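In terms of the numbering used here, the first sequence is residues 153 to 566.
Some clues are possibly wrong.
Unchecked claim - With a Cα cut of at most 30 angstroms, we get these calculated DSS-like pairs of lysine-lysine:
| no. | residue 1 | residue 2 |
| --- | --- | --- |
| 1 | K202 | K469 |
| 2 | K422 | K338 |
| 3 | K541 | K566 |
| 4 | K469 | K542 |
| 5 | K422 | K523 |
| 6 | K177 | K197 |
Stated by the list, open to error - Simulated restraints on C-beta separations:
| no. | residue 1 | residue 2 | range |
| --- | --- | --- | --- |
| 7 | L477 | D198 | 44 to 52 angstroms |
| 8 | R386 | K519 | 19 to 27 angstroms |
| 9 | G333 | G200 | 35 to 43 angstroms |
| 10 | Q441 | F347 | 32 to 40 angstroms |
| 11 | F442 | S306 | 28 to 36 angstroms |
| 12 | L259 | S306 | 13 to 21 angstroms |
| 13 | D328 | K473 | 52 to 60 angstroms |
Please keep in mind that the hints were generated in silico from the structure rather than gathered at the bench. Every value quoted in this text rests on a predicted model; they were computed, and no experiment measured them. Ideal Cβ placement from N, Cα and C applies to all residues, glycine included.
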Amino acid sequence: MFALIDCSSFYASCERLFRPELQNKPVIILSNNDGCAIARSQEAKDLGIKMGDVFYKIEKLIKENNVHVFSSNYTLYADMSARVMNNIARFTPDVEVYSIDECFIQLTGFDDLEEYGYLIRNTVIRNTGIPVSIGLAPSKTLAKIANKLAKKSSGVFLLDTPEKITAALEAFPLNDVWGIGSQYYKKLHSHGLEFAGQLRQMPMEWVRTNMTIQGVRMWDELWGRPRIAFGVYRERKKGICCSKSFGKLTGDLNEITEATANYASRVAEKLRQDKSCATLLSVRLITNQFRPDLPQYFKGITVQLRHPANNTSDIVKAAIKALNLVYHPGYKFIKVEVLVTGIIPQSEVQLDLFNNWDGVRQDKISKLMDKLNMHYGRGTLRLATEGYKKAWNMRQNFLSPDYTTDWDDILTVK
DNA sequence: TCTGGGGTCCTAGGACCC
DNA sequence: TCTGGGGTCCTAGGACCC
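Given only the sequences and the hints, what does the whole structure look like? Please build it.
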């Protein structure tokens, strides 16, 4: 049996934890650059605020209803997420962290799974203050469905017998099924399908033709046959990217170079975290598609690294080289993306005797940077090209303190 | 009337997830 | 003024090989 444990309105719950006066009040969290709503408390959902609603378009509604607004504070959310996951790991060693606010666990050999579900739920709530709901079922897709049903009932939902599963699927809307997005929903709906139970009744060949092999896997899972692997150990990532919109439009190559260096440096950090090296690096420059009055530009280029690397210096140099190949004056850019691919394990990188490569030295420098930045905060030690003014940096006008990760931000109790 | 067969690798694009 | 970021997997099609 699988369980899916999911934090309710996770970002909003994190913010409310340190602002208890916001319990039962509408709260929303904005995307980077304070662009649109990406998380809402139940009260905010009830006001009709939807995922992705553009901030300035709902400002009136926000004022009228006294909605509390926060910029995304990923430092806080990541730390709270780790606390939740650690608590869950006390119940079973097999935890697959699926996203910042969700994990799958595998449970076997329990007489009363429902009771165990409540025990996990209550423990997490007591120890972290973050409410969670738990869905239990024989496949991951069904566990996701059980989890949605748990949210509508008492926080834990068990789908264990064929009868219970059939009854649940009959009334479960297709567009809420894990793996069915807007495009597949449109297609299925045009064939008269509306509920998960109806899709499950379709012949496998029909599913394969209309939804490829992935659809067949999902279809099997709906029948309670697990087809999606349970992975406690995270696979090596196939690509690592850092891409963020600027706080303003800019055509200034110096500013864009600074941003590119920052993003590339972050990519190098992530590579080192994964103990991976990259062989290819792409940079893409993008204008603002929401400004059709301005000339549009959208171009990316991929360069080969002269040696598989994860040190900051090599990655940043390659990124700046690629940037200079894609940059074109006369445009106002909104975003630059830095992406590395061709990832290989760090341990498999071979030294190249003929390339006069100073990677060993650079690797040592990067290691030291990681150590210092871990201790004193990200960006304490960085390359000069990364700059210090950061005129392009994103807007975060409603940022909460880093209550749990920064001594300066710790709450004072009077 | 009519152009081999069977592979590999890469990229772009489309679908999905949170 | 103002519209997120970071991933996954699958398929089709082109280039290339023998």
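So, going through the hints one by one against the coordinates:
1. K202 - K469: Violated. K202 to K469 sits at ~41 angstroms, over the 30 angstroms cutoff.
2. K422 - K338: The hint is violated at about 37 angstroms.
3. K541 - K566: 37 angstroms, violated
4. K469 - K542: 19 angstroms, holds
5. K422 - K523: 14 angstroms, holds
6. K177 - K197: 11 angstroms, holds
7. L477 - D198: 44 to 52 angstroms: 50 angstroms, holds
8. R386 - K519: 19 to 27 angstroms: 22 angstroms, holds
9. G333 - G200: 35 to 43 angstroms: At 22 angstroms between Cβs, range violated.
10. Q441 - F347: 32 to 40 angstroms: Roughly 36 angstroms apart at Cβ, these two residues keep to the hinted range, so it holds.
11. F442 - S306: 28 to 36 angstroms: 43 angstroms, violated
12. L259 - S306: 13 to 21 angstroms: Holds: the Cβ-Cβ distance is about 19 angstroms, inside 13 to 21 angstroms.
13. D328 - K473: 52 to 60 angstroms: 46 angstroms, violated
Hint compliance for this structure: hints 1, 2, 3, 9, 11, 13 are not met, and every other hint is.
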